[in-house]
Amino acid sequence: DIVMTQSPDSLAVSLGERATINCKSSQSVLYRSNNKNFLAWFQQKPGQPPKLLIYWASTRESGVPDRFSGSGSGTDFTLTISSLQAEDVAVYYCQQNYSGKTFGQGTKVEIK
Amino acid sequence: EVQLVESGGGLVQPGGSLRLSCAASGFTFSYYWMSWVRQAPGKGLEWVANIKPDGTEKSYVDSVKGRFTISRDNAKNSLYLQMNSLRAEDTTLYYCVREDKNTFDVWGQGTMVTVSS
Numbered sequence: 001d002i003v004m005t006q007s008p009d010s011l012a013v014s015l016g017e018r019a020t021i022n023c024k025s026s027q028s029v030l031y032r033s034n035n036k037n038f039l040a041w042f043q044q045k046p047g048q049p050p051k052l053l054i055y056w057a058s059t060r061e062s063g064v065p066d067r068f069s070g071s072g073s074g075t076d077f078t079l080t081i082s083s084l085q086a087e088d089v090a091v092y093y094c095q096q097n098y099s100g101k102t103f104g105q106g107t108k109v110e111i112k
Numbered sequence: 001e002v003q004l005v006e007s008g009g010g011l012v013q014p015g016g017s018l019r020l021s022c023a024a025s026g027f028t029f030s031y032y033w034m035s036w037v038r039q040a041p042g043k044g045l046e047w048v049a050n051i052k053p054d055g056t057e058k059s060y061v062d063s064v065k066g067r068f069t070i071s072r073d074n075a076k077n078s079l080y081l082q083m084n085s086l087r088a089e090d091t092t093l094y095y096c097v098r099e100d101k102n103t104f105d106v107w108g109q110g111t112m113v114t115v116s117s
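As they're listed, the protein sequences go chains A and B. Under my numbering, the first residue of the first sequence carries the number 1, and numbering increases by one thereafter. Under my numbering, the first residue of the second sequence carries the number 1, and numbering increases by one thereafter.
Don't read these hints as lab results, they were simulated from the structure. Mixed in with the good hints, there may be bad ones.
For lysine to aspartate or glutamate, the following EDC-like pairs were computed, each having C-alpha atoms within a straight-line distance of at most 20 Å [to be verified]:
1. A:Lys108 x A:Glu17
2. A:Lys51 x B:Asp100
3. B:Lys52 x B:Glu89
4. A:Lys51 x A:Glu61
5. B:Lys101 x A:Asp66
6. B:Lys76 x B:Glu89
7. B:Lys65 x B:Glu1
8. B:Lys65 x B:Glu46
9. A:Lys45 x B:Glu89
10. A:Lys51 x B:Asp105
11. B:Lys43 x A:Asp9
12. B:Lys101 x B:Glu1
13. A:Lys36 x A:Glu61
14. B:Lys101 x B:Glu46
15. A:Lys51 x A:Asp88
16. A:Lys51 x A:Asp9
17. A:Lys112 x A:Glu17
18. A:Lys36 x B:Asp100
19. B:Lys65 x A:Glu110
20. B:Lys43 x B:Asp62
21. A:Lys36 x B:Glu89
22. A:Lys112 x A:Asp88
23. A:Lys24 x B:Glu46
24. A:Lys36 x B:Asp105
25. A:Lys51 x B:Glu99
26. B:Lys58 x A:Glu87
27. A:Lys108 x B:Glu1
28. A:Lys51 x B:Asp62
29. A:Lys51 x A:Glu110
30. B:Lys65 x B:Asp100
31. B:Lys43 x A:Asp76
32. A:Lys51 x A:Asp1
33. A:Lys51 x B:Glu46
34. A:Lys24 x A:Asp66
35. A:Lys112 x A:Glu87
36. A:Lys45 x B:Asp62
37. B:Lys58 x B:Glu1
38. B:Lys101 x A:Glu61
39. A:Lys108 x A:Asp88
40. A:Lys108 x A:Glu87
Input sequences plus hints: build the corresponding full structure.
What follows is the structure, encoded as structure tokens:
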């Protein structure tokens, strides 16, 4: 199975500042036939199911604010919140769908 | 509105069985792969099983193989998870999830399963 490792486990960011979460896969999740990375990002707030933010590593889901962006390819990926808002406090997960379906351990984002 | 509503969770003794159901609405259920994903309280996410739109192909995480069976009824827009030989470590919230864009794009609210004597 592909192991997904996120860093950091938690971070505290001031309102309006940038938040960056990293995700590393134990093997490449780039599907060569269509040049897509099978890597997604989810946001989960307390008491709610996860919400899809980003798929194919960098495509924003419909309705997701443009302060959320995803980047990376192969084995190294990043989720960036360009200007943290109070409603962004949540746990964020990366997930691969290349071989099996596995999630990172989650990164808790808080307000500093 | 696209919606997934799970039911069937509850308290069961170790070694017991439970059947989860998921009612889908607002989209053409028979077009999509569907999954079950679980999450222990305060813990991370674990994919459990998925099923092809026509039901002919199924996959499972190793920890549930031989104990859990995923199925669907496209005429009823419903997804199921039959769970047998339940263990304490199966105590989690179970989400019904639609697959699209090579990921999980629609989630239900979840149904809680507690395995305890």
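Hint check:
1. A:Lys108 x A:Glu17: Judged against 20 Å, a Cα distance of about 16 Å means the pair holds.
2. A:Lys51 x B:Asp100: Answer holds: A:Lys51 to B:Asp100 is near 13 Å, not above 20 Å.
3. B:Lys52 x B:Glu89: violated (27 Å)
4. A:Lys51 x A:Glu61: Holds, at about 10 Å.
5. B:Lys101 x A:Asp66: Measuring from Cα to Cα gives roughly 19 Å; hence the hint holds.
6. B:Lys76 x B:Glu89: With Cα atoms ~31 Å apart, B:Lys76 and B:Glu89 exceed 20 Å; violated.
7. B:Lys65 x B:Glu1: violated (34 Å)
8. B:Lys65 x B:Glu46: holds (14 Å)
9. A:Lys45 x B:Glu89: violated (24 Å)
10. A:Lys51 x B:Asp105: Given that 20 Å is the threshold and the Cα spacing comes to 8 Å, the pair holds.
11. B:Lys43 x A:Asp9: holds (13 Å)
12. B:Lys101 x B:Glu1: holds (19 Å)
13. A:Lys36 x A:Glu61: holds (15 Å)
14. B:Lys101 x B:Glu46: Holds. B:Lys101 to B:Glu46 sits at ~19 Å (cutoff 20 Å).
15. A:Lys51 x A:Asp88: Judged against 20 Å, a Cα distance of about 12 Å means the pair holds.
16. A:Lys51 x A:Asp9: holds (19 Å)
17. A:Lys112 x A:Glu17: With Cα atoms ~10 Å apart, A:Lys112 and A:Glu17 stay inside 20 Å; holds.
18. A:Lys36 x B:Asp100: Measuring from Cα to Cα gives roughly 14 Å; hence the hint holds.
19. B:Lys65 x A:Glu110: Outside the cut-off at roughly 38 Å; violated.
20. B:Lys43 x B:Asp62: holds (19 Å)
21. A:Lys36 x B:Glu89: Not satisfied, since the Cα-Cα distance of roughly 35 Å exceeds 20 Å.
22. A:Lys112 x A:Asp88: Cα-Cα ~13 Å, so holds.
23. A:Lys24 x B:Glu46: The hint holds at about 17 Å.
24. A:Lys36 x B:Asp105: holds (17 Å)
25. A:Lys51 x B:Glu99: holds (13 Å)
26. B:Lys58 x A:Glu87: violated (37 Å)
27. A:Lys108 x B:Glu1: violated (30 Å)
28. A:Lys51 x B:Asp62: With a Cα-Cα distance of about 25 Å, the restraint between A:Lys51 and B:Asp62 is violated, given a limit of 20 Å.
29. A:Lys51 x A:Glu110: holds (18 Å)
30. B:Lys65 x B:Asp100: violated (24 Å)
31. B:Lys43 x A:Asp76: Roughly 23 Å between the alpha carbons, so the hint for B:Lys43 and A:Asp76 is violated.
32. A:Lys51 x A:Asp1: Given that 20 Å is the threshold and the Cα spacing comes to 24 Å, the pair is violated.
33. A:Lys51 x B:Glu46: holds (15 Å)
34. A:Lys24 x A:Asp66: Violated, because 23 Å separates the two Cα atoms, which is more than 20 Å.
35. A:Lys112 x A:Glu87: Judged against 20 Å, a Cα distance of about 14 Å means the pair holds.
36. A:Lys45 x B:Asp62: violated (28 Å)
37. B:Lys58 x B:Glu1: Roughly 27 Å between the alpha carbons, so the hint for B:Lys58 and B:Glu1 is violated.
38. B:Lys101 x A:Glu61: Distance ~10 Å between B:Lys101 and A:Glu61 Cα, so the pair holds.
39. A:Lys108 x A:Asp88: Cα-Cα ~10 Å, so holds.
40. A:Lys108 x A:Glu87: Roughly 13 Å separates the two Cα atoms, so the pair holds.
The earlier numbered hints that this structure contradicts are 3, 6, 7, 9, 19, 21, 26, 27, 28, 30, 31, 32, 34, 36, 37.
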